[in-house]
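Protein chains in written order, with the numbering used here: chain A, 1 to 336; chain B, 1 to 336.
In case anyone wonders, no lab produced these hints; they're calculated from the structure.
Keep in mind that a hint or two might mislead.
Claimed, not checked - Restraint-style ranges between C-beta atoms, simulated for each label pair: (1) Gly301(B) / Arg288(A): 26 to 36 Å; (2) Glu160(B) / Pro25(A): 43 to 53 Å; (3) Pro25(A) / Asp323(B): 44 to 54 Å; (4) Arg299(B) / Arg61(A): 49 to 59 Å; (5) Ser291(B) / Glu22(A): 22 to 32 Å; (6) Gly316(B) / Ser100(A): 58 to 68 Å; (7) Thr306(B) / Arg61(A): 23 to 33 Å; (8) Thr306(A) / Ser217(B): 53 to 63 Å.
Glycine residues also receive a C-beta, built at the ideal position from the N, C-alpha and C atoms.
Protein chains: 2
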Amino acid sequence: MSTSISSLGERALITRLHARLEVAPAHVRTGIGDDAAVLLPDRGMQTVVTTDSLVEHVHFRRDWTAADAIGHKALAVNLSDIAAMGATPRASLLSLILPSDFPLDDFDQIVDGYASLSKAAATPLVGGNIARSPGPLVVDVTVLGSVRPRRLLLRSGAREGDELFVTGSLGAAAAGLALLGESRDRTSLTPDELACIERQERPAPRLRIGRLVARVSAASAAMDLSDGIADAAAAMAAASNVGVVIQAAALPCHPGVAPVAARRGLEAPDYVLRSGEDYELAFAVPARRRSRFLAAARRAGQVPVTRIGHFERTLGAWIEDADGQRSPLPAGFDHF
Amino acid sequence: MSTSISSLGERALITRLHARLEVAPAHVRTGIGDDAAVLLPDRGMQTVVTTDSLVEHVHFRRDWTAADAIGHKALAVNLSDIAAMGATPRASLLSLILPSDFPLDDFDQIVDGYASLSKAAATPLVGGNIARSPGPLVVDVTVLGSVRPRRLLLRSGAREGDELFVTGSLGAAAAGLALLGESRDRTSLTPDELACIERQERPAPRLRIGRLVARVSAASAAMDLSDGIADAAAAMAAASNVGVVIQAAALPCHPGVAPVAARRGLEAPDYVLRSGEDYELAFAVPARRRSRFLAAARRAGQVPVTRIGHFERTLGAWIEDADGQRSPLPAGFDHF
Numbered sequence: 001m002s003t004s005i006s007s008l009g010e011r012a013l014i015t016r017l018h019a020r021l022e023v024a025p026a027h028v029r030t031g032i033g034d035d036a037a038v039l040l041p042d043r044g045m046q047t048v049v050t051t052d053s054l055v056e057h058v059h060f061r062r063d064w065t066a067a068d069a070i071g072h073k074a075l076a077v078n079l080s081d082i083a084a085m086g087a088t089p090r091a092s093l094l095s096l097i098l099p100s101d102f103p104l105d106d107f108d109q110i111v112d113g114y115a116s117l118s119k120a121a122a123t124p125l126v127g128g129n130i131a132r133s134p135g136p137l138v139v140d141v142t143v144l145g146s147v148r149p150r151r152l153l154l155r156s157g158a159r160e161g162d163e164l165f166v167t168g169s170l171g172a173a174a175a176g177l178a179l180l181g182e183s184r185d186r187t188s189l190t191p192d193e194l195a196c197i198e199r200q201e202r203p204a205p206r207l208r209i210g211r212l213v214a215r216v217s218a219a220s221a222a223m224d225l226s227d228g229i230a231d232a233a234a235a236m237a238a239a240s241n242v243g244v245v246i247q248a249a250a251l252p253c254h255p256g257v258a259p260v261a262a263r264r265g266l267e268a269p270d271y272v273l274r275s276g277e278d279y280e281l282a283f284a285v286p287a288r289r290r291s292r293f294l295a296a297a298r299r300a301g302q303v304p305v306t307r308i309g310h311f312e313r314t315l316g317a318w319i320e321d322a323d324g325q326r327s328p329l330p331a332g333f334d335h336f
Numbered sequence: 001m002s003t004s005i006s007s008l009g010e011r012a013l014i015t016r017l018h019a020r021l022e023v024a025p026a027h028v029r030t031g032i033g034d035d036a037a038v039l040l041p042d043r044g045m046q047t048v049v050t051t052d053s054l055v056e057h058v059h060f061r062r063d064w065t066a067a068d069a070i071g072h073k074a075l076a077v078n079l080s081d082i083a084a085m086g087a088t089p090r091a092s093l094l095s096l097i098l099p100s101d102f103p104l105d106d107f108d109q110i111v112d113g114y115a116s117l118s119k120a121a122a123t124p125l126v127g128g129n130i131a132r133s134p135g136p137l138v139v140d141v142t143v144l145g146s147v148r149p150r151r152l153l154l155r156s157g158a159r160e161g162d163e164l165f166v167t168g169s170l171g172a173a174a175a176g177l178a179l180l181g182e183s184r185d186r187t188s189l190t191p192d193e194l195a196c197i198e199r200q201e202r203p204a205p206r207l208r209i210g211r212l213v214a215r216v217s218a219a220s221a222a223m224d225l226s227d228g229i230a231d232a233a234a235a236m237a238a239a240s241n242v243g244v245v246i247q248a249a250a251l252p253c254h255p256g257v258a259p260v261a262a263r264r265g266l267e268a269p270d271y272v273l274r275s276g277e278d279y280e281l282a283f284a285v286p287a288r289r290r291s292r293f294l295a296a297a298r299r300a301g302q303v304p305v306t307r308i309g310h311f312e313r314t315l316g317a318w319i320e321d322a323d324g325q326r327s328p329l330p331a332g333f334d335h336f
């Protein structure tokens, strides 16, 4: 039987966690171990801050997902919010609420999954806390970032005529979750199906393109797709006081989506509109900035971007089929 | 039967929460409602950040404590960490993990308790998230603050010969919890006992004295008493590479403590050494700064401060009785 965390106190667990992290970079004046962390100022920058949590049985199941993926994803979903602001992450805090019989090996793996992305994204862990849970595992993360005042990307900047672009492909995370629910045996899955599970478990926040698009002012608004493209398009339109139309045929559906959707009697685009958690980014791009936007996407490591619709004067959020027939966008995915 | 939060989605709950808050001050460029919050820089300042959570059945019980006290305390314990750094809070984030049958009235009260302290401490709520819990209520809070680089109070600055001061009185929060466990009927309690329960439920973070002591450089180190004075004294000594001695007779035991301690066969000072959650502050004060320190305490609204011991060269953490006999400090209170 494996050791549980109950054999250690909070301080011993923090020491153990600390030992698994990289040494903090110079802008972290005081990291883990005091009443609060202290960061040196980033001259001329504004501070961006976001928090999000993963809750066992709501956002993940421990019997479906490796512990390191839980650590990775808890940080990734926050980095995605930072990316959507056009900001650069600087530091993170991790609050772990652990069942008392939680295996120490899983604790280590959560920390390792977190630490690995934290290193890759230059977002050092500078503080947090560990508490006991009488129920589910809860992983709550806060990320601080910085952004140059005039480079900030809000949801509310979209204008009539702007084009709606999305990064990467859609529906993979939802299809991955469905596949996890259908079978725990991964050996029989196709590469496309495995890629869907990978997207569900280890989404890659789009930090580079967010920052580059912001730096060259190539977009008027941006938002991440935590709750899906239908939600993001509608939220950007509402915040910007314009309408939005998505062309169903233009949606870049991940190749693993169609078979999963078909088993539910849906076309891939309909499935994609109801799915979330892809952690891609949506951008509103003024037509005159399109080539600048595409150049930024190339410079960000050849990130694929697709024009899927546009913003217009008439309020509302619509999906348009190949015949030009419009129907209201579905409500999208609700984590809650 | 009262309405539960399950009748609303996450977005409706956030809108409801938002409506119960004050309008955010000018340094909040973007508050609730975008992918992340954006704060204007505080020129010349360093950023201080801390996070802490309250977990039902671990840190509180809903049948013992009013919901508004839970909201208050979740913010207060974080503000106490900011105070211990000598910093000024600027913004906060609130992550609520709610059981699906959670009463909407209690949701409103948690927000109101939070909002009331948030207003009093000028710490606007700028973001957060709401998720479902399959088990306990979890309230996770992050507070950002700022501090002038040379004014920062760390745990590690104590020197041989420094005096150990503590604010207010000790043991009240633990006695309050004990009283809640003994009886739910508050009508039969004395004013001292009621004050203990108030300390347990609505601790008042020592923001003003923390900031003033830091501003006049009257202390070499500070820490808050979330885990009690024994823990704080030992942690400050260890971080500063010195020893510490506390005089048992000098401990400012709250008047409500003695009867509770007696029912457990303890003297008040012994009870106080094993108790936590008072959220007072401990300061290491160089002897030549004592009058400056006392003046700062007076200016901070006549905060009572008591010299309870000193730091010395020989490593270790000791409690000294009236005859000068030393024994090791007990381990203190462990939230975990």
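Results of checking the hints against the structure:
1. Distance hint check for glycine 301(B) and arginine 288(A): the Cβ-Cβ separation is about 58 Å, which falls outside the suggested range of 26 to 36 Å.
2. Distance hint check: the CB atoms of glutamate 160(B) and proline 25(A) are about 33 Å apart, inconsistent with the given range 43 to 53 Å.
3. For proline 25(A) and aspartate 323(B), the hinted distance range of 44 to 54 Å is satisfied, since their beta carbons lie about 52 Å from each other.
4. Distance hint for arginine 299(B) and arginine 61(A): a CB-CB separation of about 55 Å, consistent with the stated range 49 to 59 Å.
5. In this structure, serine 291(B) and glutamate 22(A) break the distance hint of 22 to 32 Å, their C-beta atoms being roughly 45 Å apart.
6. Between glycine 316(B) and serine 100(A) the CB atoms are about 31 Å apart, so this pair departs from the stated range of 58 to 68 Å.
7. Range check, threonine 306(B) to arginine 61(A): Cβ separation about 52 Å, and the 23 to 33 Å hint is violated.
8. Distance hint for threonine 306(A) and serine 217(B): a CB-CB separation of about 58 Å, consistent with the stated range 53 to 63 Å.
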